[in-house]
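J.: Take a look at the letters that make up each chain.
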Amino acid sequence: MEKETGNSPRAMQDETLLIRRILDGQTELFRQLANRYAEQVLRMVGRLIPSSEEAEEATQDTLLEAYQSLGRYDARKASFQTWLMRIAYHTALKHYRQRQKYVTIVDMEQQWLDTIPDNEADALLGDTTNDRVALMEKAIGMLKPDDQMLLNLYYFDDRPIREIACITEHEESYLYSRLQWIRKKLAMTIKTLESNEEK
Amino acid sequence: MKKSELHKDQGLRLALQRKNEAAERMTLSDDFTDRLMQRIGQQDKQPKRRRAWLYPAIGIAASILLLFSVGIIFNNRQSDQPDLIAKTDTIKTSPQTEIKTVKEQPLETVDSVKKIKEKYRMPRPPKHYMAKAEVEEEAPTAPELTDENELAEIAVAEEVRRMEMQRMAQMGGSLQAEFKAITDEIRSRGERMTQHVEIAMSNEE
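Keeping their order, the protein sequence lines are chains A and B.
Residues in the first sequence are numbered consecutively from 1, following our numbering.
Residues in the second sequence are numbered consecutively from 1001, following our numbering.
Some hints could be false.
Using 25 angstroms as the maximum straight-line C-alpha spacing, the simulated PhoX-like pairs for lysine-lysine come out as follows [unchecked claim]: (1) A:Lys77 to A:Lys138; (2) A:Lys191 to A:Lys144; (3) B:Lys1008 to A:Lys144; (4) A:Lys138 to B:Lys1008; (5) A:Lys138 to A:Lys94; (6) A:Lys191 to B:Lys1008.
No lab work stands behind these hints, which were simulated from the structure alone.
With the sequences and hints as input, model every part of the structure.
T.: Written as structure tokens, this is what we have:
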């Protein structure tokens, strides 16, 4: 299985040509694209879907959807990889919602979140001690799936916000404020979990 | 949050790394791409059913929309022309939204029989009728004509009437004469009846 993924101009040009040939009827060439991006898609959907079988199914669905929508892909707007990640993002959310209907999601009022100062949130989220990181892991699992995905795209993948905006189909300004809100929410959840453990 | 803050939140990054460890270790099965290409092949072979229902549905929706818009235009044309002034001067309220105030009225406790009696009771005759009846009771029923002038007047009146009748008959207005005779007859009967009623009422009292 090929693992090369390329965002270089030449790779993108090759990809565009490949897509054109697929659209012209050489369906079998899609195999090359699938081999190139399947594992990347799997890792992305696997963050929300821990079962490897289900994650693989979601990956299949993503690539099938990509094949069916290939005619709508516009290379001028985004790279094929970003476009594919957008499909993967929505497919992962769809699978997650189908699978976990009764998941515990912490939702807080903005007023309550405002009670935690910015510097306190910074201190909590910057702490790398094992206990804090374990609590943080737990707190991330209690976030909404799209918030978890946003954290991963921003902090884990280090993707630029413009690309995240393309994947999630949100405005950049919204994403910044949403990230800020998620940070506060995480800090508040960590505090709550710590106080519960102390009791 | 600014771009410069991207390198902050190290604890959060560590937590995400730990959380995603399992996902990073995930691998695809060997036949993954073959199965995918098989699905793609099946999809291509299947006829596109989507269009079978899509076009009729669009057609139906479009015709409904067209009918609706034609109806609205027709309605507007009808209502616009005659009462432009009325439309500007009056506020229309729908009967559903209009606030209705109902005054509470006490229930009627009138005896229905009494009411009917009152309704059909004959009114008392006026006083001058009563006086006249009294006079007639005292006086003889057939008045004696003593005055020659009165007799002459009656005779003249009779003669005039007879002449009128003759003239009308001569003019060929036999029908008119007949009609006149009938009306005279009715009038005289009415007068007699009135007299009888007055007498009866005075007797009752």
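J.: Confirm or reject each hint.
T.: Okay, the hints, checked on the actual structure:
{"no.": "1", "hint": "A:Lys77 to A:Lys138", "result": "violated, 37 angstroms"}
{"no.": "2", "hint": "A:Lys191 to A:Lys144", "result": "holds, 18 angstroms"}
{"no.": "3", "hint": "B:Lys1008 to A:Lys144", "result": "holds, 22 angstroms"}
{"no.": "4", "hint": "A:Lys138 to B:Lys1008", "result": "holds, 20 angstroms"}
{"no.": "5", "hint": "A:Lys138 to A:Lys94", "result": "holds, 22 angstroms"}
{"no.": "6", "hint": "A:Lys191 to B:Lys1008", "result": "holds, 19 angstroms"}
The structure fails to meet hint 1 from the earlier list, while all remaining hints are met.
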